[in-house]
Amino acid sequence: MKPVLDAIVKVFSSLWLSVTLLVFLALLTWLGTLEQVHTGLYEVQRKYFDSLFLVHQAGSVPIPLPGARLVMIVLFVNLLLGGIVRLRKGWATAGVLVTHIGIVMLLVAGLVKAWYAVEGHVTLYEGEKANTFESYQRWEVAIAEDLGGGRVREFVAQEEAFQDATGAAPASFAPAALPFEVQLGRFQKNCRVLPNGPMFEAPTPVIDGAFLQPAPADTQVEQNVAGLYATLVEKQGGARHEGILWGREAQPWTVEVGGKRWAVELRRERHPMPFTIALGDFVKEDHPRIDMPKSFSSDVSVTEGASTRPVRISMNEPLRAGGLVVYQSSWGPADAPPGTPLFSTLAVVANPADQYPLYACIVIAIGLSMHFSRKLARHVRSEAKKS
Amino acid sequence: MKSILRIAALVLLVLGFAPASRAQDASGTQRAAPWSKEVVDLAARLPVQDGGRVKPLHTYASYLLLRLNHKRSVATPAGEKLGPVEWLLDVLYYPQAAEEYAAFMIDDVEAARAIGIVVDEKKKRDRYSFHELRPGVGKLFELANEYQKIEEKDRSTVQQQVFLLAMNVNDFMRVLTHMDLARTKIPIGAGAGLAQIFAGAEEAAFSQVLDRVPQLRDLQAKLGRDPANAAEAKEVGKVLHAAADLTSGTESLALLPATGTLAADPAWHTPADLMTLALRDGVVDAKHIQMLNAIEGMARSGADQTAFERELARFSGVVVPIAERRGEYAKVGLEVTYHRLDLLSYAQVGFILAFVLAAVLWLRPKSRVLFGLTTLAVLVPTVLVTIAIVIRCMIRDRPPVSTLYETLLFVTATGALTALIAEFFTKQKVALSAAAVLGMIGLFVANGYEMLDKRDTMPTLVAVLDTNFWLATHVTAITIGYSAGMVAALLASIYLITKAVGFRRAEPSFHHGLGRMVYGVLCFGLIFSTVGTILGGIWANESWGRFWGWDPKENGALLICLSQLVMLHARMGGLIREHGLCMAAAFGGTVIGFSWFGVNLLGVGLHSYGFTSGIHTALWSYYGVQWGIVALGGLTWMLERARANARREAASGAGLSAAQEPAS
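Protein sequences appear in the order of chains A and B. Going by the numbering used here, the first sequence opens with residue 8, and the numbers climb by one from there. Going by the numbering used here, the second sequence opens with residue 247, and the numbers climb by one from there.
Heads up, some of the hints might be wrong.
[Claimed, not checked] Computed list of lysine to any residue pairs in SDA-like fashion (alpha-carbon distance at most 25 Å, straight line):
id	chain 1	residue 1	chain 2	residue 2
1	B	Lys612	A	Glu390
2	B	Lys327	B	Leu312
3	A	Lys54	B	Gly795
4	B	Lys317	B	Ser375
5	A	Lys382	B	His758
6	A	Lys301	B	Glu696
No wet-lab data here; the hints were simulated from the structure.
The whole structure should be built from the sequences, with the hints applied where relevant.
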């Protein structure tokens, strides 16, 4: 057993594996960069960088390749075994060791972010406030129960619950507290709701004279508007209520079940914030006499519990609070004439590894400087001896 | 992009359909003598707000002329060569003469034909005067409006030429008509109120009318209350209309500083702005009236240059103190000096000389004098480029690199310096030659880039780049990484080429030394590329909330790091040796080219800074050359391997010990 283990360790710690993995990573980076022109960043990221395997189409020739996630996982193991554990320890390799530790920190930061980070945005007009932020690309189905007195209880099915139900077979969502089962099917990442004309055969079921027309995915993923067919099946009696949910619908679909009204909607995934953020003033300043933004900033008030404090969020100056980082991301409407109220979009990120890259960078810089300055010094000494 | 549609009215004005109010004073249509040095110096140092910043009129004129004429000078029909400031003064104050200057370069005569201009004696690529283009201006804007709807990458060459010509003609016409208001007297109609306001004068200068706009508005309001005064009210309206009409088309040249503080009132004014302020808010500033009065004085001075200089000095005497008080004039003089010193042109000449000397040095490698001269010839232009970069930093209050153009200057300076340091350690004269080549090519490309872009190389920055900390750390580190990678690629290319042609075959130490140099420079580059790339991620995390977004420019930086890591690990693992490392480093040059410029050509991503269209051919030429050198290196290696095998077989046949097989 030991020889097999030794052989595995030897393979996984070898320099040729490092080189192979680095070449693959470079190749994937290059292909993914070129592919962005055609399919957009989100699709490229999903296909090349967040995948274990992929098939790259070189014209009409399919080329199977390992995905960047797989390459980085193996590289991580390779780095740990070959670059740290099995590396000969001594002053000669101290710089290399430190550098490798820094790279490991960087990869750990990437892994932590990939697994635990949540990203989204809050878009507010002046005077508005929010205590949740919305995902850019993920969707959820929310079922709201009116509890009376302005109180609402929500049941939420996140995208994982229905993302694979793209055909006629629906996914089921049936919390015990609901008097019905929610069946979600024919999920489309990008679609439009169209009325069904008399001379037209709809590609999807027609409900109340309308149907979902699938559309090609937009290269800008946030431009996609999802849709699906929802069926509420009453737990008592089995009565069925069918409806279409579309991401840009102004009003939720309302259904009466068990003497109560229920509101069902498909919306961008929402995440709670541990504070409320209220936009007081949004300031966009252009360079004089040209249409180039010099700065834009949002004066917000952040309320946590009983305390409220004013904060200015601007480019390169985010707000860090409650484990979240809030950035000045964009504003709009882009072509608003002077005097039109503007909205401010603040990007919100919850990333436990937020500052890891900075620490990793410092470690790597120290490691590389140690290693190469030692090599330079040795070279200078040998040249001096020669002369 | 400027709206071509907006200029239709201006076209009509310039085409000779000017209203009566624009009837110009016919005196002084030709300049009697060349502009004096004093006038040119004074005008060059006038501040103007353009492109979001205050700059010298010299810079404004320089880039305007460069866009129109593809060079910074123009010849008059009489053969006088004019610099940008002299030309601009002529356009402003002697427009009829300036219309005759062949100041419009058209790269393809088909563009001229497309707008109906047929001049038999013109070459395929030739210069035209505005006078020659005038009959086709209507058609030019009609076509440009049409072509504006086509994406730039989909336009044909002629369509693009027509479009650019329309832009240039538009810019030119705006300057050409700017001083109409200074040349034109506004007739004052009959009426007791008007006579009282203008002290009985029959005509008034624009500045006089502007100064009296609040009174005229009051008078107009007062007269409007009684229908019996309708005739005089109409006369008042005519005066105001004539003054407002004179300011149309003056919106592009903001020579008049706001008199408030910079924070409260950052935008400078044009006469059109002043007229709007006066009509809308009833605000007229005495300083602005003084400025306009001086401008009118210059127009009135005709052929009398002494009078012109006096009025110009009067204008400067009002404008400059205001700009100084607002903190906007401190760098104007330095910027004029920067452009006039033209250090980069001298540096280019220096690098060419160094290249020639280096070539001779390869033929006479033992000559100490030649070595000393070559070193000096490399050192001097390197210092000149460094001084130019330092001056730019002082003018902009920025770290050395904040635009794509500045990366070229910085890579040239640091690349030459890196090669000189490598020469200091190795003393093989190869790095010295590489410094000369790199300097020469670097400045050639920088100059080509400026000629291609034809826009101010010290532009204002978008909001996200407005951070000296990250520009100083991330951008500088990344650019040093580019520089080191390019030096390594160049040295590796020299290695491969010299080996292929058998240069110094009898001295293996020559190529071993060169190989070590490539390795050393790669190591140096890796530190900066890696740290710079991670710093970029940290900046992105601070600005956009994500460390890494697989944006093309980020990917390009990562590719550089990965390629250098592959080279160094492959060498460490014995997968490649000296020759293989040099092949990889030569290929690495194309990775840097892709990261530096190639990704900008993709047209996607967040780092859409810098003008890059038009460099496609140059970039692919570089790729081709480097790949050719790598292929040559591969061929050399195979030949050496075959020779070694043959020697080994011969040796084993002869019972001798086997020759060592060369490794890659």
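Evaluated hints:
The straight-line distance between the Cα atoms of Lys612/B and Glu390/A is roughly 20 Å, inside the 25 Å bound, and the hint therefore holds. Note on Lys327/B and Leu312/B: the hinted pairing holds, with a Cα-Cα distance of about 15 Å set against a maximum of 25 Å. With a C-alpha separation of about 14 Å, the suggested pair Lys54/A and Gly795/B falls inside the 25 Å cut-off, and the hint holds. Annotation: proposed proximity of Lys317/B to Ser375/B holds, straight-line Cα distance about 15 Å (limit 25 Å).
A hinted pair counts as satisfied when its Cα atoms are at most 25 Å apart, and Lys382/A with His758/B qualifies at roughly 17 Å. Between Lys301/A and Glu696/B, the direct Cα distance comes to roughly 24 Å. Compliance with the 25 Å bound is thereby established for this hinted pair.
Violated hints are absent here; each numbered hint is respected by the structure.
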